[in-house]
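**Student:** Now for the letters of each chain:
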Amino acid sequence: MMFEKIRERLSYFVGLLAVVASLGLLFILIYDIIRQGGGALSWDFITNFPSRFPAQAGVRSALFGTAWVMIMTAFISIPLGVFTGIYLEEFLSRGVFKKFIEVNISNLAGVPSIVYGMLGLAVFVRAMALGRSVLSGALTMSLLILPVIVIATVEALKSVPTTLRWAAFGVGASRRQVVFSHVLPQAFPGICTGVILALSRAIGESAPLILIGALSYVAFVPENPMDSFTVLAIQTFNWASRPQEAFHERAAAAIIVLLILTLAMNGLAIYLRARFAGRKGAR
Amino acid sequence: MQSAQPIIITDQVSIFYGEKRAIENANLKFYQNEIAALIGPSGCGKSTFLRSINRMNDFIATARTEGKVIVEEEDIYAASIDPVLVRRKVGMVFQKPNPFPKSIYDNVAWAPRKTGLPKSELNEIVENSLKKAALWEEVRDRLHQSALGLSGGQQQRLCIARAIAMQPKVLLMDEPCSALDPIATGRIEDLMRELQKDYTIVIVTHNMQQAARVSDKTVFFLNGKIIETGETREFFTRPKQVETENYITGKFG
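Which chain is which? The protein sequence lines are Z and P, in order. For the record, in the first sequence the residue sitting at position 108 is 108 according to the working numbering, with numbers rising by one throughout. For the record, in the second sequence the residue sitting at position 12 is 12 according to the working numbering, with numbers rising by one throughout.
Among the hints, erroneous ones may be present.
Stated by the list, open to error - Residues on chain Z that point at chain P, a partial pick, calculated with CB under 7 angstroms:
no., residue
1, Val160
2, Gly172
3, Ser228
Unchecked claim - What follows is a set of in silico ranges between Cβ atoms, one per label pair, in the way DEER data are often shown:
no., chain 1, residue 1, chain 2, residue 2, range
4, Z, Ala21, P, Glu138, 27 to 33 angstroms
5, P, Gly152, Z, Gly15, 57 to 63 angstroms
6, P, Lys114, Z, Ser22, 25 to 31 angstroms
7, Z, Gly38, P, Lys114, 36 to 42 angstroms
8, Z, Leu80, P, Lys68, 43 to 49 angstroms
9, Z, Ile30, P, Ala61, 57 to 63 angstroms
No lab work stands behind these hints: they were computed from the structure. Being a predicted model, the structure only gives us computed values, none of them experimental. We put the CB at the ideal spot given by N, CA and C, even for glycine.
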């Protein structure tokens with residue numbers, strides 16, 4: 001009895017300690033960044049192009065570059081990933097082929113991002129001659145997050161109860177109708193969350209984009225998919241590696257912008273999930 | 001009550017899960033407007049057999065069916081048959097109520113709407129189906145609220161309404177009352193008697209009293225084989241097989 005109680009308390013404290021440690025580190029990190037970069041944050045910082053004078057340097061091109069890459073990545077990876085997931089889970093019958101694909105997708109999700117950068121460089125930039133363009137960047141990023149989106153979709157579909165599928169089949173629904181009218185609406189919040197989390201992973205990636213040759217000094221806003229570009233993560237990396245203290249301040253400020261973007265995307269994920277979960281069954 | 005021609009004939013039906021044979025050479029006939037009860041201990045294959053009548057076993061990856069199941073003179077396992085159309089003719093009610101997470105109206109209207117019926121007819125179908133399922137009076141004022149807000153018994157009657165909205169010939173019921181309380185069960189049983197006027201009903205039940213109360217014909221399954229089939233009163237009062245007698249007197253199962 002005594003031991004039982006002590007064990008109970010002990011596991012509680014270990015859990016608490018883990019939570020405090022991880023959250024504490026996070027808060028220290030955020031505090032440190034805000035302390036360093038908060039002063040540099042201003043409207044000018046958002047609207048200015050980068051400059052070799054730290055006081056005038058801003059993230060305008062990086063912000064637009066990030067937006068370009070993320071929007072194009074979303075357009076490429078979401079339909080491709082979600083439909084792959086639907087096909088795998090709902091249409092492909094169980095067998096060696098399915099197993100093979102599933103195992104490979106899980107493995108792909110664990111491949112270091114820089115490997116995708118090398119692939120992007122070889123295939124999109126060179127072989128397909130797309131150059132160091134927004135398009136190359138978006139295609140590379142899409143490859144990077146596709147496995148994550150596929151897995152999230154499959155998991156969301158798996159969580160829809162089989163009895164719902166039977167109910168629909170039982171009234172003479174075709175497989176397509178079962179999937180698109182009944183299963184998908186139920187899986188939608190889960191898919192949404194997965195997709196947005198995948199995109200917020202992509203927004204912070206720099207390695208693959210550095211490899212495909214996104215530039216660190218871009219004094220213009222990309223105007224079409226074939227323009228060269230930079231993104232916030234690369235801009236940050238560039239400023240952080242300069243010797244001048246003033247640029248470090250800019251780097252911290254750029255991180256704050258990136259954090260706000262990521263936070264906004266996660267907020268959107270939570271909002272969508274709550275909204276659709278609340279609507280379940282209403283119509 | 002019975003017409004001469006059976007509406008369902010199963011001819012040497014065997015069903016396998018992988019290597020394991022769950023049903024062995026089942027030969028049965030079901031007639032128009034008949035309620036047939038399939039009884040037997042857990043794992044005897046009665047639900048598996050039931051699902052073979054509207055090809056719901058298609059969704060169990062390892063299941064394989066041999067023999068013929070003839071519904072209205074059509075072999076539903078023939079290559080030319082679309083199983084989707086089979087399920088429109090042979091509706092199903094499941095063990096646990098499983099309404100769509102949509103409104104009450106949409107639960108009933110979903111399937112007929114997909115066959116392209118206009119809205120005016122849909123309203124009529126929804127009303128008629130809910131009336132037939134003895135649910136109309138309880139839900140007429142909240143047709144557009146979620147079906148998940150209904151009680152278990154109401155949900156199961158909604159599932160019945162949903163099934164009859166497609167105007168099937170046959171209704172399969174897989175232990176439809178096992179998740180319901182005695183009052184809700186009583187209502188479903190009364191309902192079955194009412195539905196019998198329009199449909200042929202095949203019901204799987206764990207509950208022998210229920211089989212005795214509602215059915216015209218009883219079929220006893222044991223280890224995948226049909227042990228005995230008979231007119232229900234006859235079946236329960238004068239069983240022909242020893243196993244049947246042992247089962248209905250509660251010696252096993």
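**Student:** If a hint holds in the structure, say so; if it does not, say that too.
**Tutor:** Here's how the hints hold up against the structure:
no.: 1; hint: Val160; result: violated, 10 angstroms
no.: 2; hint: Gly172; result: holds, 3 angstroms
no.: 3; hint: Ser228; result: violated, 48 angstroms
no.: 4; hint: Ala21/Z to Glu138/P: 27 to 33 angstroms; result: violated, 56 angstroms
no.: 5; hint: Gly152/P to Gly15/Z: 57 to 63 angstroms; result: violated, 38 angstroms
no.: 6; hint: Lys114/P to Ser22/Z: 25 to 31 angstroms; result: violated, 50 angstroms
no.: 7; hint: Gly38/Z to Lys114/P: 36 to 42 angstroms; result: violated, 57 angstroms
no.: 8; hint: Leu80/Z to Lys68/P: 43 to 49 angstroms; result: holds, 44 angstroms
no.: 9; hint: Ile30/Z to Ala61/P: 57 to 63 angstroms; result: violated, 49 angstroms
In summary, the structure is inconsistent with hints 1, 3, 4, 5, 6, 7, 9 from the numbered list given earlier, while agreeing with the others.
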